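So you can see what is in the structure, the chains are spelled out below.
4 protein chains.
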Amino acid sequence: MYHGPVADDKLHEECGVFGIYGKEGMDISRTTYYGLYALQHRGQESAGIAVAAGGKIKYYKQMGLVSEVFDDSILESLEGCISCGHVRYSTIGDSHVINSQPLVVKYRNGSLAMAHNGSLVNADKLRGELEQEGVIFQTTVDSEVIANLVARKDRGDILEAVLETMDCVRGAYALIIMTGDKLIGVRDPNGIRPLSIGRKDGFYMLSSESCAFDTVGAKLLRDVEPGEIVVIDREGIRSFYYHGPRTNNLCVFEFIYFGRPDSVMAGKNIYMARRRAGVNLYRECPADADIVISVPDSGTAAAIGYSEASGIPFMEGLVKNRYVGRTFIQPRQRQREISVALKLNVLGDMVKGKRVVMVDDSIVRGTTSRNLVRMLKNAGAVEVHFRVSSPPVQHPCYFGIDTPTRENLVGANLSVEEIRDKIEADSLGYLSLEGLLEAVGESTGYCHACFSGNYPIEK
Amino acid sequence: MYHGPVADDKLHEECGVFGIYGKEGMDISRTTYYGLYALQHRGQESAGIAVAAGGKIKYYKQMGLVSEVFDDSILESLEGCISCGHVRYSTIGDSHVINSQPLVVKYRNGSLAMAHNGSLVNADKLRGELEQEGVIFQTTVDSEVIANLVARKDRGDILEAVLETMDCVRGAYALIIMTGDKLIGVRDPNGIRPLSIGRKDGFYMLSSESCAFDTVGAKLLRDVEPGEIVVIDREGIRSFYYHGPRTNNLCVFEFIYFGRPDSVMAGKNIYMARRRAGVNLYRECPADADIVISVPDSGTAAAIGYSEASGIPFMEGLVKNRYVGRTFIQPRQRQREISVALKLNVLGDMVKGKRVVMVDDSIVRGTTSRNLVRMLKNAGAVEVHFRVSSPPVQHPCYFGIDTPTRENLVGANLSVEEIRDKIEADSLGYLSLEGLLEAVGESTGYCHACFSGNYPIEK
Amino acid sequence: MYHGPVADDKLHEECGVFGIYGKEGMDISRTTYYGLYALQHRGQESAGIAVAAGGKIKYYKQMGLVSEVFDDSILESLEGCISCGHVRYSTIGDSHVINSQPLVVKYRNGSLAMAHNGSLVNADKLRGELEQEGVIFQTTVDSEVIANLVARKDRGDILEAVLETMDCVRGAYALIIMTGDKLIGVRDPNGIRPLSIGRKDGFYMLSSESCAFDTVGAKLLRDVEPGEIVVIDREGIRSFYYHGPRTNNLCVFEFIYFGRPDSVMAGKNIYMARRRAGVNLYRECPADADIVISVPDSGTAAAIGYSEASGIPFMEGLVKNRYVGRTFIQPRQRQREISVALKLNVLGDMVKGKRVVMVDDSIVRGTTSRNLVRMLKNAGAVEVHFRVSSPPVQHPCYFGIDTPTRENLVGANLSVEEIRDKIEADSLGYLSLEGLLEAVGESTGYCHACFSGNYPIEK
Amino acid sequence: MYHGPVADDKLHEECGVFGIYGKEGMDISRTTYYGLYALQHRGQESAGIAVAAGGKIKYYKQMGLVSEVFDDSILESLEGCISCGHVRYSTIGDSHVINSQPLVVKYRNGSLAMAHNGSLVNADKLRGELEQEGVIFQTTVDSEVIANLVARKDRGDILEAVLETMDCVRGAYALIIMTGDKLIGVRDPNGIRPLSIGRKDGFYMLSSESCAFDTVGAKLLRDVEPGEIVVIDREGIRSFYYHGPRTNNLCVFEFIYFGRPDSVMAGKNIYMARRRAGVNLYRECPADADIVISVPDSGTAAAIGYSEASGIPFMEGLVKNRYVGRTFIQPRQRQREISVALKLNVLGDMVKGKRVVMVDDSIVRGTTSRNLVRMLKNAGAVEVHFRVSSPPVQHPCYFGIDTPTRENLVGANLSVEEIRDKIEADSLGYLSLEGLLEAVGESTGYCHACFSGNYPIEK
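Chains as they are written, first to last, in this note's numbering: chain H, 71 to 529; chain Z, 71 to 529; chain S, 71 to 529; chain P, 71 to 529.
Any given hint could be a false lead.
Each pair may be met inside one copy or between any two copies, as identical chains are not told apart.
Stated by the list, open to error - Computed cross-link-like contacts, EDC-like style, restricted to lysine to aspartate or glutamate with a CA-CA straight-line distance of at most 16 Å:
#1 K223 with E203
#2 K338 with D419
#3 K390 with D367
#4 K289 with E407
#5 K447 with D496
#6 K176 with E201
#7 K270 with E407
#8 K126 with E149
#9 K413 with D79
Rather than coming from a laboratory, the hints here were simulated on the basis of the structure. In this text the structure is predicted, and so the values were computed from the model without any measurement.
Just chain H, same shape as in the assembly (with noise of 0.2 Å):
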């Protein structure tokens, strides 16, 4: 196949959940089509929408954007007073339909809709664990697992369920659990994906972030503590907890790359996180330059923090275009340095003669960074020197993130000076995980295991 994906050298996000416990009239698959619009950097693979009405579920999921899956007549077939909605971005191998999500079920208690953030650690093992009692798997999502444990459990009270379930199950998970009459928010012990609590007009609404509260109107209330479940419907919201110990360990990552800069997590704007990072990595890493600039759009407000930290301008000197689909015909070995050249070209005028300071949230394999290198020296800078607004990247990630293998993370194969020689910059520094953490704030505690090694639940 030619049509390959547009490749970046980023982490990627595995989903973004949504729901809304409201009555009818309300639009409700309408309001939530907005929402996952608005979590659509989350996932881009497929998009499903599951309403409840009249104790009943109907759903829609397909591959696809969000504005490509749904249409007008799809959104009137979903009328209801509770939804859960959910977009996805997968790996290679298990891209097909049955994976997407949410995921819809009937059981002994009736029927719900499940759509889940984040990876579990001992999922192999459960699914052996079912497996033995005869369960049969469609499909290589997580929720599938967790789904077949609720449902197990559920004696008459999701609620225990749910409780009893989080005591099986390891790992990341945001979870949006849509009954016939209810709308159930999870959020694992450690906290490691988001998950927040909206409200419109009295009524309530999950997200994964809060822009999407922004986009349809709501306010953020707050964010689901980790470990409480969340139950919303006819009584109203009432909190409930899992027993065992709950601590702060949301994916700082989250703050560097995957949130949408007008989120609001653990009680932080994303972007003023990422931004204070930018004047910490200054203060790390100073660099004697004419200007600042970034790599669009995720180093921006890094770069911007350079900028005011050190009194060094910020410029744009990289232009992105914006009309860089999911798609396009890879070039041939002869024309490959095309794949970068297609969404990002320097500014020459302002790069020419200058000493450059360019600031990104992150390297993961490194390969973009010395082309953007070249095409600034090509273009006439002097001095290239690269500044990045995290750590460096050198450990896999098991709850929800698609790491490279180890050894395309070029965190953690060579040194600081060796990745300077490979991506040919006269400077390379990049933020200390304190810095970060100053930067993110010291409100809770933070899941930086693909910094430091240091994962919260082990394996």
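Add chains Z, S and P to chain H, keeping to what the hints say.
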């Protein structure tokens, strides 16, 4: 939605299955594609092929005709040594890709793919029991029930598991089960739905109908017997049997309408049985007429038989539009008569001034019949004697055929004379059940519950 | 590309046209849709409908079947008082939406839509002359040549322009021209391609074949005469005539294969002519046999006639797969025989031990014929006597029919005995031209150049 | 239709053109694909590529983005030595594949493909004159007018024909004309629409903007001059000139909004001009504020310039959803505010309690502007000073830009103070025309009719 199905007044088969146990380099997926192509009349809504290679199962299924679902690159990606394919017709309401087959699952002893034709009478009960044990269901198809049972009973011996499953399920089923190294064919102990064994170049195949063997150049070996389990693997082909009572209750409607005329079931060619039914129809319900015509294409064989027996010449009086698609834009109320006219037109010169015997294979609702009689009369036919080469359909089918509700079954509500009046024919005659059974041959027993109410399995 | 057309061994019509002059609120576009549906056998590659409302023309055309190209919202957007529709079959190489029809153009006197069936013999010369005058051509269809001529000659009177255009163009053409307020039907002075007039509720329609009138509930009034120009507008229907010689040279192949059996052309029902051809075929080429079968569906009428004349019973010996789509994945070389088997299968019980007369309407290349003879022999037929209800095709058609090159026309290269040998039949008989002409009736003259080489128009 | 375009309050360019004169084996069609990819911002409705090989022209065009229209097999089928590509944006009403470009025609001297950016002011008159001479028009695009003129004037020398055509047509045009052996670039004598020449490995290319050269690894050589005709063929590259007056009237809006910031036109980098406009904007319309933000992405360069000149720090205050597709399901009336919220969101922490300068590149209707001011105020901005880096748009464009009708042009109907009031800003300032022209440089003249009403060509 304005794009509705092209309505006809027929009962509908719900599925066709096809599978091969071959070896590498045999174009297994491609041959399966041609086999399903030959079985397309058994289901036009979705199509799927699973293949096993190196113990692993890959599959592709989608809504649409066989020719629409697959292209060459998909077939290339499905190369393997064993295959299991399916075409599906579905009732409105559960038309979703999630319900398409083969169903492919992982369970404790590996993977299996299952293609099912038929319907279980105790599916709801089994679902309920399984749900009580914690099972979740993602589809509305019986295959999921069966797959759950097999998985739960499989303690290392799939054959044992299938046998035990047969103890639980009651109803009609012709199954193809594919594991990583076996192809298994199963037919219910009453033998309601057909399944046959073919061979080509020393390799075995399974198919709902023998016409698929002819298409791919194989030979029909024999039918799978009622209650027989055929296991095809590296050691060849072996047969096992359900240990309860086994009877012959092949669905007689396969001979009347479902089966392709060139297929052989129960040792009897379907076309020949239809022609014989026409002979018997004349003997029971003679008419004094100038020509015999058929409602094409399904009434033609019986019309020819009627002509042979009566000496009244067979003529074509109705012409079928060969390009009627599966859907078309429905006429508005005031153009309702166009629905039939789009499909069938009268040959006026042939029927003008003639006393016409019109033979159809069955009458279900009776709506089309009246339109046809009127068309003939409008074209100048002086008498129209309607003859039906099967008895009145009076009872619903519980074994996989989509029967209208009782109030829409004209044979269940009106006497023959009342039906004659309703369809405005000058006379009306149905073949008796005895006449039908004589035509299909005494070699085996049949299920004729839709005519007799005599169900081989209690609901 | 592996998705190739379903090859058959037939000549192919290139187009069908249909138009209505009605009034607002008559569902003009919808009725045109049904009319084109009924003409789908005349062209399956593209479809288009133009309508005039308030003097303006809107249109929609696209690649695909009528049922695929249009949906309800498109038809809604095409409401008007006059319509002009087209279905197109095309030769490989000019299959592009730019070539689909109707051709809609603006010119000095407003807009016009043109739908054309046929082929001009002097198209290249006319193109050359027009190009010399500075005309540019955007398509490869003759309609563009005709539209250019009409536009250049229209000095305020479209009728005059059409008459003058008829002085220039030579060849076969049945045209529907729609202006903002008129529907015009034109048939070439030799009357090679068919065009007929229908009426419903006082409104007039034009159609390539009368079967479309039956479908939409209209009555066939009469054929447009060779060289006649029918102008339908607010003042009713008027006829004008080409002032040069006008002769009857209706393409005889319309009766043999192109036309739908329920259509009436030149006052004669096509089916009846085909049956009569079968009668004559027996008289000229009798056979001593047990049964007469046809190559379905096109050979059936003649087979029935052969049976009537001979007293040998007509039987169905070949079964057609009713779901053969327009395309399927081509078998690889080693599976080549599947191509025919996907479409036709033998009824072994019917032919086994029998001496069989097999009737087809024509033989073009002869490739399928041999396969069918072999299939019959393999199934146990003891003799196969091939009978063709038309003469050998020996000459290419210049009037709109896609004939193979001479080296592929078996009738142009081999004697009847050589063909018999090639197709491995026990005997082979073609109907004589005289026998054919007797069958289609003496009421008019015919073009039979493909048999006789006697072209009504020099190239 | 509920799937509407994602509305914005901007003027829209209508086309981009790209062509190469190369040789076999150079992946001409693929390189053209990448070139069009880089010009995608100039038109998203349809895309097309024509190539010449062996004197013959092949082409493919279709509705959709470049990445949607082409796949590898189409590009393979389009290999040639010369190419001519086009992307098109279209006004509602003429969105049909028939209007997509390049326009490919046959005429007396062979074939030619034509890709056009711009609009003729005398197109209707020319159409009328051509129609009087009998010409028919199949599209509504000006290319068809130009192609007719060229064809009629070409008596063997295409260059002469182009020169003569330039005597007739008045308006804006940047043309790429491809014959079987030549690539020709033409720019109107006023130089309104841009066209530039690039070179790679000794081969020449033409492109609307230089960013496409960067993308494919070529170098910008120079702009085609106003009234220049560049002929590229086997003999190299030669220039010819329109013999009438030639002036510099490049559309100044290319610098304000249309052009990609990394392109160079009239020797000036677009980004640098935008930044300079921001500097001048501050000088003309200072504001006492805490931060400068932009309406992303088009206002960012000017905002940075404003920040530089004022010393007020540049911050990002609005976040853009990077996955806004071309279409989405329109919100119902009661959810209207979602339209803007789907695209842009405020960074509350950034603007809260701040006096904000918000810079946009232009205001057309003003509807989005008010929404943005409200969003900022709702987020806590204490003052919002709106600054626009171009003058009020007061006059329609006749040269290829889709301007709203006069009543929708807020600048044409309201004073600056009235607009300020309408958009609810605390202050509003527009850059003067003088300030704009200073920013884009004195090197050339510009067309600024949309601001000044001073049209370089009379209508």
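* Asked: Is it within, between, both or neither when you check K413 against D79 at 16 Å Cα-Cα?
  -> within (12 Å within a copy, 25 Å between copies)
* Is it within, between, both or neither when you check K338 against D419 at 16 Å Cα-Cα? -> between (37 Å within a copy, 9 Å between copies)
* Should K223 paired with E203 be assigned to within, between, both, or neither, using CA atoms and 16 Å as the limit? -> both (14 Å within a copy, 10 Å between copies)
* Within a copy, between copies, both or neither: where do K126 and E149 come within 16 Å Cα-Cα? -> Answer is within; shortest intra-copy Cα gap is 11 Å, inter-copy 40 Å.
* 16 Å Cα threshold - placement of E407 relative to K289 -> between (45 Å within a copy, 15 Å between copies)
* Give the relationship of K447 and D496 under a CA distance limit of 16 Å: within one copy only, between copies only, both, or neither. => Within one copy only: 10 Å inside a chain, 44 Å across chains, cut-off 16 Å.
* Within a copy, between copies, both or neither: where do K390 and D367 come within 16 Å Cα-Cα? -> both (8 Å within a copy, 10 Å between copies)
* For K270 vs E407, is the C-alpha pair at or below 16 Å within one copy, between two copies, both, or neither? -> between (48 Å within a copy, 14 Å between copies)
* Asked: Between K176 and E201, at a C-alpha cutoff of 16 Å, which is it: within one copy, between copies, both, or neither?
  -> The answer is between: 8 Å across copies meets 16 Å, while 19 Å in one copy does not.
Of the numbered hints stated above, none is contradicted by the structure.
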